[in-house]
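J.: Here is how the chains run, residue by residue.
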Amino acid sequence: MEKIPILKMGEFLLVTIQVDMHDRLAMALQDDLTRMISQTEARGVLIDISSLEIVDSFIGRMLSNIAGMSRILDAETVVVGMQPAVAITLVELGLSLPGVRTALNVDAGMDLLRQSVDGASEAYGHRLH
Amino acid sequence: MAIVSTETVPVRTEPDVVAVRRRVREVAAQLGLSLVDQTKIITAASELARNTIIYGGGGSMLVETLNGPRTGLRLTFEDKGPGIPDIELALRDGFTTGSGLGLGLGGSKRLVNQFEIFSRPGEGTRITITRWK
Numbered sequence: 001m002e003k004i005p006i007l008k009m010g011e012f013l014l015v016t017i018q019v020d021m022h023d024r025l026a027m028a029l030q031d032d033l034t035r036m037i038s039q040t041e042a043r044g045v046l047i048d049i050s051s052l053e054i055v056d057s058f059i060g061r062m063l064s065n066i067a068g069m070s071r072i073l074d075a076e077t078v079v080v081g082m083q084p085a086v087a088i089t090l091v092e093l094g095l096s097l098p099g100v101r102t103a104l105n106v107d108a109g110m111d112l113l114r115q116s117v118d119g120a121s122e123a124y125g126h127r128l129h
Numbered sequence: 130m131a132i133v134s135t136e137t138v139p140v141r142t143e144p145d146v147v148a149v150r151r152r153v154r155e156v157a158a159q160l161g162l163s164l165v166d167q168t169k170i171i172t173a174a175s176e177l178a179r180n181t182i183i184y185g186g187g188g189s190m191l192v193e194t195l196n197g198p199r200t201g202l203r204l205t206f207e208d209k210g211p212g213i214p215d216i217e218l219a220l221r222d223g224f225t226t227g228s229g230l231g232l233g234l235g236g237s238k239r240l241v242n243q244f245e246i247f248s249r250p251g252e253g254t255r256i257t258i259t260r261w262k
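Each protein sequence line maps, in turn, to chains A and X.
Residue 7 in the working numbering is what sits at position 7 of the first sequence, and the numbering runs on without skipping anything.
With the second sequence counted from 1, adding 129 to any position gets you the working numbering.
Okay, chain A solo, but in the shape it has when bound (with noise of 0.2 Å):
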């Protein structure tokens, strides 16, 4: 079966889908990061979703399901990249992708990810002294 690449970069996951997702494919894209935020102790996950000329309610289950059991990893998740029409009809479809943090490209997806994973340790050292 054909499968969507997951890169490793650093702390982070990037993912980039480029093809029209059949549902069973959606799946396995979700099944296969939540293994891959745990083998690798993963801190952010990037979506790029550039390439995607519509997300209708079941991949945008599956972007949200994403985010919520990243977080529940200890992960963030950012989906960048989505084209102006795509977000107009998400809205009207009854979808404001609740829990899913955006940015309009890469690299502002990035900057958002590490400054929330330096805010997180931060935080955490606070903590400890």
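By construction, these hints were calculated from the structure, which means they are not laboratory data.
Backbone N, C-alpha and C fix where the C-beta goes; we use that ideal spot for every residue, glycine too.
Watch out, some of these pointers could steer you wrong.
[Claimed, not checked] To be clear about the criterion: a stretch of chain A counts as covered by chain X if any three or more of its residues have a C-beta under 8 Å from a C-beta of chain X, and this derived list gives those stretches:
id : region
1  : 21-30
2  : 46-56
3  : 93-100
[Stated by the list, open to error] Here are the in silico distance ranges between beta carbons for each label pair:
id : chain 1 : residue 1 : chain 2 : residue 2 : range
4  : X       : R249      : A       : L73       : 43 to 49 Å
5  : X       : L218      : A       : V19       : 34 to 40 Å
6  : X       : R199      : A       : M9        : 49 to 55 Å
7  : A       : M9        : X       : R141      : 38 to 44 Å
8  : A       : G68       : X       : K262      : 55 to 61 Å
9  : A       : V19       : X       : V165      : 20 to 26 Å
10 : A       : P98       : X       : T226      : 19 to 25 Å
11 : A       : A87       : X       : I132      : 30 to 36 Å
12 : A       : S38       : X       : T226      : 21 to 27 Å
13 : X       : N196      : A       : I72       : 48 to 54 Å
[Unchecked claim] Here are a few chain X residues that face chain A, going by a calculated C-beta distance under 8 Å:
id : residue
14 : P144
15 : A219
16 : E252
Add chain X to chain A, keeping to what the hints say.
T.: Relative to chain A, chain X alone:
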């Protein structure tokens, strides 16, 4: 109103949902629908195709391009499944008998200009959506 072209696409298995999206995109682009309107009708088609498979046990999508006085794209999803006993309830956001979010029917209605649903318990469901240019 004149029907310019018609075509039937099978909606039976999960990969058919991807084929439905691809075909609707092609036709919508050929008709000259704006990118936002294309995205809306493709998304609505994706929701309805998935419903056709999950709840209707599979069926088909009829694709019609319309012309005069207005140009538009009309899609009809039909199945011979168990039907929808309470359409008003099924259209409500958050209502689902499956494991989804319950946004498919109500959400697709919001994404198109015209939405018609005909369903009879035990006979099946037919949903027609139209997006005008």
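J.: Could you tell me which of the numbered hints above are not met by this structure, giving the numbers in increasing order?
T.: The structure conflicts with hints 8, 12, 15 and 16, although it agrees with all the remaining ones.
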